[in-house]
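A.B. asks: Residues per chain are reported as follows:
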Amino acid sequence: MTVVARKAASGLAKNRVGLISVGVALGFTGVLLLILGENPLEAADALYDGSFGSTEKIADTLVAWVPLTLAAIGLVVTFTAGMWNIGVEGQVIAGAIGAAFVAREVSGPSWMVVALTIVAAAVAGGLWALLAGLLRVYGRVNEIFGGLGLTFVAEGIAIYLVIGPWSRTGVASTSGTDPYPEGALLPTLGDLRVSPVALVVTVAAVVAVYYLLRGTSFGLRLRAVGQSMKSSHLLGIPTVRYLLAAFVIGGLMAGIAGGVRTTGFHGRFVPAVSGGFGYLAILIALLAGFKAKWVAPIALFFAAVTVGSSQLQLRLGLDSAFAGVVQGVLVLSVLFVQGWQARRSRRAGVQPPSAPEFHVEPEI
Amino acid sequence: MEETLHAIVRDASPLVFAVVGETLTERAGVVNLSLDGSILLSALAGFAVAFETGSLLLGFGAAAAVGMAVALLIAYASIQLRLNQIAVGFVLFQLCTSMANAFGNSYVGERVKGVPAQEIPGLADIPFIGRILFDQDLMVYASIIFIFVTYRFMFRSRHGLALQGVGERPEAAHARGIPVNRLRYLYTAVGGAFVGIAGAAWSLDVKLGWSDNRTGRFGWIALAIVIFGGWHPIRAAFGAYLFAGLQNWAIQLQDTFPNLTQVLGIMPFPVMILTLVLVYRDWLQRLTDRFPALRPVLGNEPPAAIGTTFQQE
Chain A
1 MTVVARKAAS GLAKNRVGLI SVGVALGFTG VLLLILGENP LEAADALYDG
51 SFGSTEKIAD TLVAWVPLTL AAIGLVVTFT AGMWNIGVEG QVIAGAIGAA
101 FVAREVSGPS WMVVALTIVA AAVAGGLWAL LAGLLRVYGR VNEIFGGLGL
151 TFVAEGIAIY LVIGPWSRTG VASTSGTDPY PEGALLPTLG DLRVSPVALV
201 VTVAAVVAVY YLLRGTSFGL RLRAVGQSMK SSHLLGIPTV RYLLAAFVIG
251 GLMAGIAGGV RTTGFHGRFV PAVSGGFGYL AILIALLAGF KAKWVAPIAL
301 FFAAVTVGSS QLQLRLGLDS AFAGVVQGVL VLSVLFVQGW QARRSRRAGV
351 QPPSAPEFHV EPEI
Chain B
365 MEETLHAIVR DASPLVFAVV GETLTERAGV VNLSLDGSIL LSALAGFAVA
415 FETGSLLLGF GAAAAVGMAV ALLIAYASIQ LRLNQIAVGF VLFQLCTSMA
465 NAFGNSYVGE RVKGVPAQEI PGLADIPFIG RILFDQDLMV YASIIFIFVT
515 YRFMFRSRHG LALQGVGERP EAAHARGIPV NRLRYLYTAV GGAFVGIAGA
565 AWSLDVKLGW SDNRTGRFGW IALAIVIFGG WHPIRAAFGA YLFAGLQNWA
615 IQLQDTFPNL TQVLGIMPFP VMILTLVLVY RDWLQRLTDR FPALRPVLGN
665 EPPAAIGTTF QQE
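Protein chains in written order, with our numbering: chain A, 1 to 364; chain B, 365 to 677.
Keep in mind the hints are simulated off the structure, nothing from the lab.
Label pairs and their calculated CB-CB ranges:
1) A/Asp178 <-> B/Phe655: 53 to 61 Å
2) A/Glu105 <-> B/Phe519: 56 to 64 Å
3) B/Phe621 <-> A/Ala272: 17 to 25 Å
4) B/Thr620 <-> A/Gly170: 18 to 26 Å
Under 8 Å between C-beta atoms, here's a sample of chain B residues computed to sit facing chain A:
5) Arg581
6) Trp584
7) Met631
Simulated coverage check for chain B against chain A, where a stretch passes if three residues somewhere in it have a Cβ under 8 Å from a Cβ of chain A:
8) 434–448
9) 622–628
Positions of the beta carbon are idealized from the N, C-alpha and C atoms, including for glycine.
Using the sequences and the accompanying hints, generate a full structural model.
C.D. replies: Below is the structure:
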């Protein structure tokens, strides 16, 4: 095959993978809904209505899109380094704690407090990720379990803060702290809940990561480290520093995600501040094939399903966790359809057009 | 003391099923990372079926079937499709968790009759040990027997040798005529079934009932215990008892620090996982360096072919 022909075939195969997996996912969710005695079309309508049905709904979808995109774009960096940063959930919580601390303790002009909450969130998330990285590099602790342990620690600290030092005056309850002062909240667009500051930060983060991985020698070397730590070490790349840098960058983004979640959505500190957004971000990064350019659109879809699921509850009486079912089924279908595609190519004796395994790919 | 140990043996029984089951799976070279989700979903399946049919046996059967189905998906993805086991396992964790929380609402607060206590006549009268080991219920006895049966099977039988070969050196096993991939399917499915039984052992026995995230985090703890139990059923089970002890201690501390109840509820999870991760391995390492004779018992090497695919040419 010529290069052009192979490229065309590869593009075709990729599109087919996308179409088939969306079809499989839709079919599976549809059948599931039918079993539950619901009309799938009505469910789809409710989802759309709940996420894009009005200006307010679109704004709410964007409010969820911001932290999902931030956490997922950070994960693209850690995945590129070949690391399974499952501790991202804890880094989101750590970021929220950092932002909450500033929001509660610092007084001053609103722009300054807001800026400081974002900085504190980034620092806290970055430090939490650095811990997982240090455990991985110096303690030879698998990053999955180090990260999970740290996530559980962060959850414990969050609960402690809410029932202990940050408890509401006179009430010891796990429901949350007092609301933050007005000036610490992310400024919103009129009556809508979406914050232009958060949107700008998110877009900047996506662009920065895209450029970092694609346009800098750091990104190139990081990809080399992700492909083979041993070869990169032999080539003279300081692998330890690169791994730690990847963790810190991922943690910074996850931290900001937690920060905007607490000051831009909850308006006070609650123990379940992340609510699984970190885990959801891992699904987004997987679905994006660890490519920065796909993160934002996929995160938008995930945000829409997450936000729209409230309508599923109102109109069809389905639990809002059904959003997670839709998202999980979609990612699983993509993985399986890719696997089938690759196996067919293997059987036909052709080199598979796209990477045969869903592993950390070198291209961005 | 006697009562505490009695409670620990009881409370650890679901975790014992999970860690020993997953040890079987990983020994064959497959990692089932979905544990936290598949345990939760099987717990719901077991509870729901037992509630609808009134039969505990059917409940446990349904839970085992769910655990096995999830495990078979991972086996198919990794063996037939050569997908990344970690990726597929993680997605299944998320999917199963969501499914359990989405479909379990109508069972919140419902009651079923759990596994009845059943003391073993004669043995239960032995002082101290009798109360701890022989005055429990059937699932607890089953969990203890399961540990030793798995141990015997793994290290003292021909099938166990084949299992180890499949996980350590699949090429050599294949050359000896052992059907590598078929055995991987088998042990992933069997391990998954026990993971499912673990779920039902919570919702139908130790933590009777159903609520959202009822078994949350236990699956992750189980996965960590398997690793630091050195893929050895007895040591993994020991880890499960250690964790139950930690939880028991945390509950007792709640009387001393009543305003920290919620924090103490969660603390055993990070303490266990970070202890395993930070201390346990180094400590074992030093012990085996000092007494090399202990290495076969305390060795910590993962099955060499874990997480890889085997291609028959």
